[in-house]
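Read top to bottom, the protein sequences are chains W and Y. Heads up: the first sequence at position 275 corresponds to 260 in my numbering, and the numbers run straight through without jumps. Heads up: the second sequence at position 328 corresponds to 313 in my numbering, and the numbers run straight through without jumps.
By construction, these hints were calculated from the structure, which means they are not laboratory data. Certain hints may be false.
The list cannot tell twin chains apart, which means a pair is met if one copy fits it or any two copies do.
[Unchecked claim] Calculated lysine to aspartate or glutamate pairs in the EDC-like style (CA-CA distance at most 20 angstroms, straight line):
1) 285 <-> 159
2) 147 <-> 77
3) 285 <-> 202
4) 147 <-> 78
5) 161 <-> 282
6) 325 <-> 294
7) 325 <-> 50
8) -10 <-> 326
9) 36 <-> 77
10) 290 <-> 202
11) 36 <-> 78
12) 214 <-> 172
Protein chains: 2
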Amino acid sequence: MGKTKNDLILRAARGESVERTPVWVMRQAGRVLAPYREVRQKAGSFIQLVKNPELAAEVTIQPVDILGVDAAILFSDILVIPEAMGLPYTMDEGRGPWFEHTIRSANDMNRLTNGSVVEHLQYVTDAVRLIRRELDGRVPLIGFAGAPWTIFCYMVEGRGSKTFSLSRAMLQRDPKLAHALLSRIADATIAYLKAQVEAGAQMLQLFDSWAGILNHDVYQMFIMPYMQKICDAMRDTVPMTVFAKGAFFALQDLGALSCHTIGLDWHTSADWARSQVGPNKTLQGNLDPAVLYGSTDQIKLATRKMLQEFGPQRHIANLGHGVYPDIEADHLKCFIDTVKEYQYQ
Amino acid sequence: MGKTKNDLILRAARGESVERTPVWVMRQAGRVLAPYREVRQKAGSFIQLVKNPELAAEVTIQPVDILGVDAAILFSDILVIPEAMGLPYTMDEGRGPWFEHTIRSANDMNRLTNGSVVEHLQYVTDAVRLIRRELDGRVPLIGFAGAPWTIFCYMVEGRGSKTFSLSRAMLQRDPKLAHALLSRIADATIAYLKAQVEAGAQMLQLFDSWAGILNHDVYQMFIMPYMQKICDAMRDTVPMTVFAKGAFFALQDLGALSCHTIGLDWHTSADWARSQVGPNKTLQGNLDPAVLYGSTDQIKLATRKMLQEFGPQRHIANLGHGVYPDIEADHLKCFIDTVKEYQYQ
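Pulled out of the complex, with its shape left as it was, chain W reads as follows (with noise of 0.2 angstroms):
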């Protein structure tokens, strides 16, 4: 494979001098691009569409075309993680995803396969090599995971929640059990995210997206150890990004893990965040992805607004969560150019 040509997106993470700040958007595969919607009509479900390559390397691709972005990011699920293990699912349009087993007890455990995740999971390996030779340098590809608490709140409650109090309950009542878990979780994490790497992935996420549900003392008793294990397995590989939607208490703690990027929602200040986690870390994020609701002045607003708040180096530009479906692809773009257009003050 040849030398990529905008590699904005890895020098930014790794703290070296950029000209401008990349920017890429989560969700960007997918959602609010028209053509992605043809694709996933051709693929039959989301989950088809996942489980194929060549339909999936497509519509990862759709966004470096049409969007501009200096990253593309593998179009996958988290999810896919706890079917390996064992635990399949369906994903109900307008419901989410619903897993007819759920780990609530010793025994559930057994429910859990011996074999390799990774073996399971050649259709996403086999994209990624796919992506990689299809996009041909022109930017870097971002492969990804759920983080193990977000996968265990899957796991044991069978869907989303508001409180996720199965889940909770669990750390509370038999927290052998959710050592267990996480720590199976966290081992199928790294063999699959080596695979990723291995399979040409030039960058990794980590998306705890219920992180924020938990206290400070739980976060860090039950959750960092996992998070540190998967950081430091993947040290030596690829820059790593880690995103803790809500967890702004565990800022601080996120900060010493051994990865190069924090993710910030939009509820958290570039300012308030670079003391919290720093001066050796990049950060990405983190427009309220609501201002795409509004006009193409708006957005250049708060837009400028936020890369001045970040200032030109050690910035990953990007909303502070995925791109709302009911976005338009215009605004998108509009979030994107100003941030590849703008001069720092």
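With chain W held as given, fit chain Y onto it using these hints.
Frame of chain W; chain Y shown alone:
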């Protein structure tokens, strides 16, 4: 009405010295107490219970008798305000509230009544008078209302939401309409809270349940003016608590309101909250409600740690959110007893 025998919570709110930390629990009236479920059954539905002063009074007082809390909180619903303003709702057990009509355009504003919300809500003021009589000064009675942003969300969306996209989009796309609606809500809320105080409420709490979805700029620009208007209007009446869940980013602004107490969720540490709101506010909270899933030993440990962090003055002990419906009443009582027995070191 006679003198209040246990006025710990009133003194704590006003920053006066207390012999021990007062304690109450959000959602203490309802949900986890068996006698509540009997009355709820008798009433027919949640909304019928809310509208029945005798039964509402009965469930308001139950936790004083059963749990030994230091305050009663009116059994009611924040959604009586939109209903009184002209948008009736139904409550579907498990799926939450649902409004047939919503406010999404300037035209929809015509749906709102010009009548007096206070007249419409006489069942609430009747309940307040009845509760005060039946409490007979044992503990103070807390009245409450939803904060303008949270009520706005329900009036715009017509139901709960994960992202409140319609509401946040309206702030961007039609700020004039948004301000008009927020202003109407604030005025109705002031009239409602004043009527509660006249009927006998001895403290007030404003619940901004969905504050945590907004960014700081938007919260300052759109929400704070109405929070301030309400707090200013109530300043010379009874102590006011503002609880903006998830709005850690706005704590400094909230600390500048003319209210007495700031409610905290379980993500915000006592130290940090104090640094944000300054010395002249009482703090309320903030045990993680999921701690109550643990053993009584775990509950005692976590409660004592919380008390120690807040210190013996200017603190009202509470959970960081409403008690979850599947918590055992004994575990809730353990939390309350632990606060009442605690000796500060």
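Tested hints:
1. 285 <-> 159: The answer is between: 18 angstroms across copies meets 20 angstroms, while 49 angstroms in one copy does not.
2. 147 <-> 77: Both: 17 angstroms inside a chain and 16 angstroms across chains, each within 20 angstroms.
3. 285 <-> 202: Close across copies (15 angstroms), not inside one copy (39 angstroms); limit 20 angstroms.
4. 147 <-> 78: The answer is both: 18 angstroms in one copy and 15 angstroms across copies each meet 20 angstroms.
5. 161 <-> 282: The answer is between: 17 angstroms across copies meets 20 angstroms, while 53 angstroms in one copy does not.
6. 325 <-> 294: Within one copy only: 16 angstroms inside a chain, 46 angstroms across chains, cut-off 20 angstroms.
7. 325 <-> 50: Cα proximity of residue 325 and residue 50: one copy only (15 angstroms, versus 64 angstroms across).
8. -10 <-> 326: within (19 angstroms within a copy, 67 angstroms between copies)
9. 36 <-> 77: within (16 angstroms within a copy, 37 angstroms between copies)
10. 290 <-> 202: between (34 angstroms within a copy, 11 angstroms between copies)
11. 36 <-> 78: Within one copy only: 17 angstroms inside, 37 angstroms across.
12. 214 <-> 172: This pair counts as within: shortest intra-copy Cα distance 9 angstroms, inter-copy 53 angstroms.
Hint compliance for this structure: no hint is broken.
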